[in-house]
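Sequences listed follow chains A and B, in order. Numbering (the working numbering) for the first sequence: 1055 to 1350. Numbering (the working numbering) for the second sequence: 1055 to 1350.
Think of the hints as simulated: they come from the structure by calculation, not from any bench. All figures in this text were calculated on a predicted structure; none of them were measured in a lab. Keep in mind that the hints are not guaranteed to be accurate.
No copy is singled out in the list; a pair is fine if it fits within one copy or between any two copies.
As the list claims (entries may be wrong) - Computed list of lysine-lysine pairs in BS3-like fashion (alpha-carbon distance at most 25 Å, straight line):
1. K1081 with K1133
2. K1081 with K1205
3. K1060 with K1224
4. K1060 with K1133
5. K1060 with K1205
6. K1060 with K1081
7. K1133 with K1205
8. K1224 with K1133
2 protein chains.
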Amino acid sequence: MVDERKAAILRITDVTLDAARELLRRKGFVELLPVIIAPVTDPLRHTTSRATIRAYDQEWYLTTSMIFHKQAAVQVLDKIFCLSPNVRLEPASWGRSGRHLFEFVQLDLEVRDATRDDMLALGEHLLVRIVERIRDACSRELNTLGRDLTKLRAPFARVPYRDAEERYGKGFEERLSCEIEDPIWIVDFPAEVREFYDREDPSRPGVLLDMDLLYPEGYGEALSGGEREHEPGQIRDRIRRQGLDSAVYGSLLAVARPPSAGFGIGIERLVRFLGGLPHVREVRLFPRVPGEPTEM
Amino acid sequence: MVDERKAAILRITDVTLDAARELLRRKGFVELLPVIIAPVTDPLRHTTSRATIRAYDQEWYLTTSMIFHKQAAVQVLDKIFCLSPNVRLEPASWGRSGRHLFEFVQLDLEVRDATRDDMLALGEHLLVRIVERIRDACSRELNTLGRDLTKLRAPFARVPYRDAEERYGKGFEERLSCEIEDPIWIVDFPAEVREFYDREDPSRPGVLLDMDLLYPEGYGEALSGGEREHEPGQIRDRIRRQGLDSAVYGSLLAVARPPSAGFGIGIERLVRFLGGLPHVREVRLFPRVPGEPTEM
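Make the full structure from the sequences, and use the hints.
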């Protein structure tokens, strides 16, 4: 007795991965194998706690994002991407949000000498292309799910963070995502709400050259990225301003990094949006939902 | 200053992944997202120790292989594969073998109602195709590495485990791998040297319907797989015979599984063979070599 709904979702996931890789490969990106444990990982500004293991007399974090490894990788190849499994131990109550798994996969990419504008264009291209492929190749699966997936109209609108906050109040993402009919970019986050590696606009202190994309229909955050800080002095200053331990992140400063920009897009949330699913849990055969025990 | 050798290896890895996926997709396989933490994972017969984290009042193993999740997945889709990151905490001395990383990626696949013969044919097809693609698409990279990668001649010879052991003695894999000019299959492992999930031949008690592939030129083990035990009574018996705790693996018995066969092939070892590299460490930008401390 095959679960047709589950099979349809898994097939959509498969075509999504293929469509993304096909576009990136055509643009000259090289796929890296993921790093899932490392002595240093993304500190993340929100409430996530990180999982650690001890091995060979050292502490290893399970990857929360491959940001630092991506930045180092573009020393060797100028366009790279990775299907990166991440573990973020979110509060158990977030299990009901419909948007959180504590084990999930990000399509994470980085481009040497790229600007935020390049990344906005690439993000739009990627999303538009994936929706096209799913509409073409998965009409039977969309039908099984009862999903009417409409074509995306690019370019997507760009709204500065401060403007969105003024209009919709704090934590505007959810309300804004419910109101829009096409994805929308949030740009220019204030430095205090984001991680230290997002690049500060040299001409507007305190404003970052970064971006988030929101899905329409209330599906929330799609992708997150921007230009990166690459000057050791500036990185040191940002680490200090965020109250992080410079000893912990010191190894990062020792690694040369060229200017770069990139983003990460969560695969389960993307498939949730494509399939019109109530909860990301449905995207996985063995979903890791915060606070829910499991046997497999 | 770009590291041409490293860039060549990363490009070969990228084309390897693409060639493998392209073939599998053409044969109707669906790609699953990997599971990197789970309450149960492959017990493995050799000396590996497993990494664990604690989260949400539960213990989670870092995946040593996706065997049990693959077997459950073929309930939903009949041909599946996954690029599966594995963590196996091998003894520190194994770091010098040239073949061991404690974090690595397996291309792991499983097919419902398949036989070992199907998997022998698929494994050959996959290897032959990948070598062809690398020779075609990466001649410049092979040149950078000074690698003369010759075409593989299929079908590969098949040698029963007992015959190989008789001829080459215990731990024959290394010596045999050095002697051969094409890959060679080792089949019919004795039950006591393998995991409980490898299927026992109903007509030859104690002999398994499984296989390993050895690379030529001393590159050692390439892939490992076979038919799986799927009857609860037989699985219970095998768990008991191996002295494993049936309570720990009890959850597995509760999950229905159809007959299936499959295999896993280590990507780093494959790229090491393709590129003619002295050590698998070279395949990764951030290699996890047993016993070697690292800052990134």
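If you test the structure against every hint from before, which numbers come out violated?
3, 7 and 8
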